[in-house]
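Participant: The lines below spell out each chain.
Protein chains: 2
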Amino acid sequence: MPSYRLVTPQKCGLVGTTKVLFALAGVEYELVKLSAEEMQKEKGRMPFGQLPILEFDGKTIAQSRAVARYVAKEYGLYGKDNYDQARADMIVDQIYDVVERVKVWAKEQDPDKKEQIRKDIAENTVNIIICLFVCLQAGFADATFLSISQRWKLINPNCLDGYPKLTALNSRLLSLPKVAEYLKA
Amino acid sequence: MPSYRLVTPQKCGLVGTTKVLFALAGVEYELVKLSAEEMQKEKGRMPFGQLPILEFDGKTIAQSRAVARYVAKEYGLYGKDNYDQARADMIVDQIYDVVERVKVWAKEQDPDKKEQIRKDIAENTVNIIICLFVCLQAGFADATFLSISQRWKLINPNCLDGYPKLTALNSRLLSLPKVAEYLKA
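First to last, the protein sequences are chains V and G. With the numbering used here, letter number 10 in the first sequence gets 11, and the count goes up by one each step, no holes. With the numbering used here, letter number 89 in the second sequence gets 90, and the count goes up by one each step, no holes.
Watch out, some of these pointers could steer you wrong.
Which copy is meant is left open, because identical chains are indistinguishable; a pair holds if it fits in one copy or across any two.
Listed next, the in silico DSS-like pairs over lysine-lysine satisfying Cα-Cα at most 27 Å (straight line) [what the hints assert, rightly or not]: (1) Lys-154 to Lys-12; (2) Lys-114 to Lys-104; (3) Lys-179 to Lys-114; (4) Lys-34 to Lys-108; (5) Lys-104 to Lys-115; (6) Lys-185 to Lys-12; (7) Lys-60 to Lys-154.
Just so you know, these hints were derived from the structure itself, not from any lab.
Only chain V is shown next, with the shape it has when bound in the complex (with noise of 0.2 Å):
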């Protein structure tokens, strides 16, 4: 088993994915936090000059999704083959779509756009459902939808209310218990 580093700046939203197919996979790695004066001394070391990278064997992966599909094929919770693995791509690009579209919403100022964009959000949201559930097994796809509604529980704990199936989902992943025991840590 190589050694990950998982390299972060001292608060990072986007290694959550990585973090939960890690816990998936049984997979130990070490979390470095950098300050802003290590993360300065050591771009050198980062492809793009950013954070989070992925060490290991003297190798380096950038951009946390890069990343998280990374370790995901690498411990078997990506897909079958090509077809299912695309699936799982589709459904995180989908996921992080609506991430974008959370963040307009949130910005936006006139209650009647307002409304709007969270009526759009909320029927793409259902549209992901019927994706979502294609997945057989806890893997790329379900881990970035549990990382991603774990930071919108953080804002609105009932953000899932409506959505049946996505809280099923929910629970179902966090009753794992090497997810629980990740949650915990």
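For chain V, the structure is supplied; the task is to place chain G on it using the hints.
Facilitator: Relative to chain V, chain G alone:
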């Protein structure tokens, strides 16, 4: 060989990478452009109610990057192992980060802020160069770079000036007969 249908709206800037990859692989596909009315009628076939989608053998993939990655992987244009593929992924994600920053730059009205964003893009672009040249074949990352840089050149034909390595990569890709053929089509 499956019979591929790449279904897009009338105008679609999202499928350039997939088109380049199909060209590199020498794979035929049907390009189906739907009108707004046809899109509404066929929404049920789209996993997220959106285009583009790729259809083949009764299967459907949505989300343009997931489609491109599927095609790259299917035809050996993605990378020889998980690490090479992760390096391709991180370059592709970084290119799309630059795309987002270019959008912010285009909207910014304040000249000082605009220049600050331009400087930031320039520095990050230089960082992309270093990694792009890790790719040893005209694969997923190269195809993404080519499709995006062709769009940027429509807005500013000189956008690659000052980046000799990116200019060289662009010229090398454009000189590939299969790519030249695709661009003429």
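Participant: For each hint, tell me whether it holds in the structure or not.
Facilitator: Going down the list of hints, with the structure as the test:
Taking CA atoms no more than 27 Å apart as the test, Lys-154 paired with Lys-12 passes inside one copy only; the shortest distance there is 18 Å, against 37 Å between copies. For the homomeric pair Lys-114 and Lys-104, the shortest alpha-carbon distances inside one copy (14 Å) and between copies (21 Å) are both at most 27 Å. Taking the shortest alpha-carbon separations for Lys-179 and Lys-114, neither the intra-copy value of 41 Å nor the inter-copy value of 46 Å comes in at or below 27 Å. Taking the closest pair of Cα atoms, Lys-34 and Lys-108 never come within 27 Å of each other, the shortest separation being 29 Å inside a single copy and 34 Å across copies.
Taking the shortest alpha-carbon separations for Lys-104 and Lys-115, both the intra-copy value of 11 Å and the inter-copy value of 22 Å come in at or below 27 Å. Taking the closest pair of Cα atoms, Lys-185 and Lys-12 come within 27 Å of each other only inside a single copy of the chain (18 Å); across copies the shortest separation is 48 Å, beyond that limit. When the C-alpha separation of Lys-60 and Lys-154 is checked against a cutoff of 27 Å, the pair qualifies neither within a copy, at 35 Å, nor between copies, at 34 Å.
Hint compliance for this structure: hints 3, 4, 7 are broken, all remaining hints hold.
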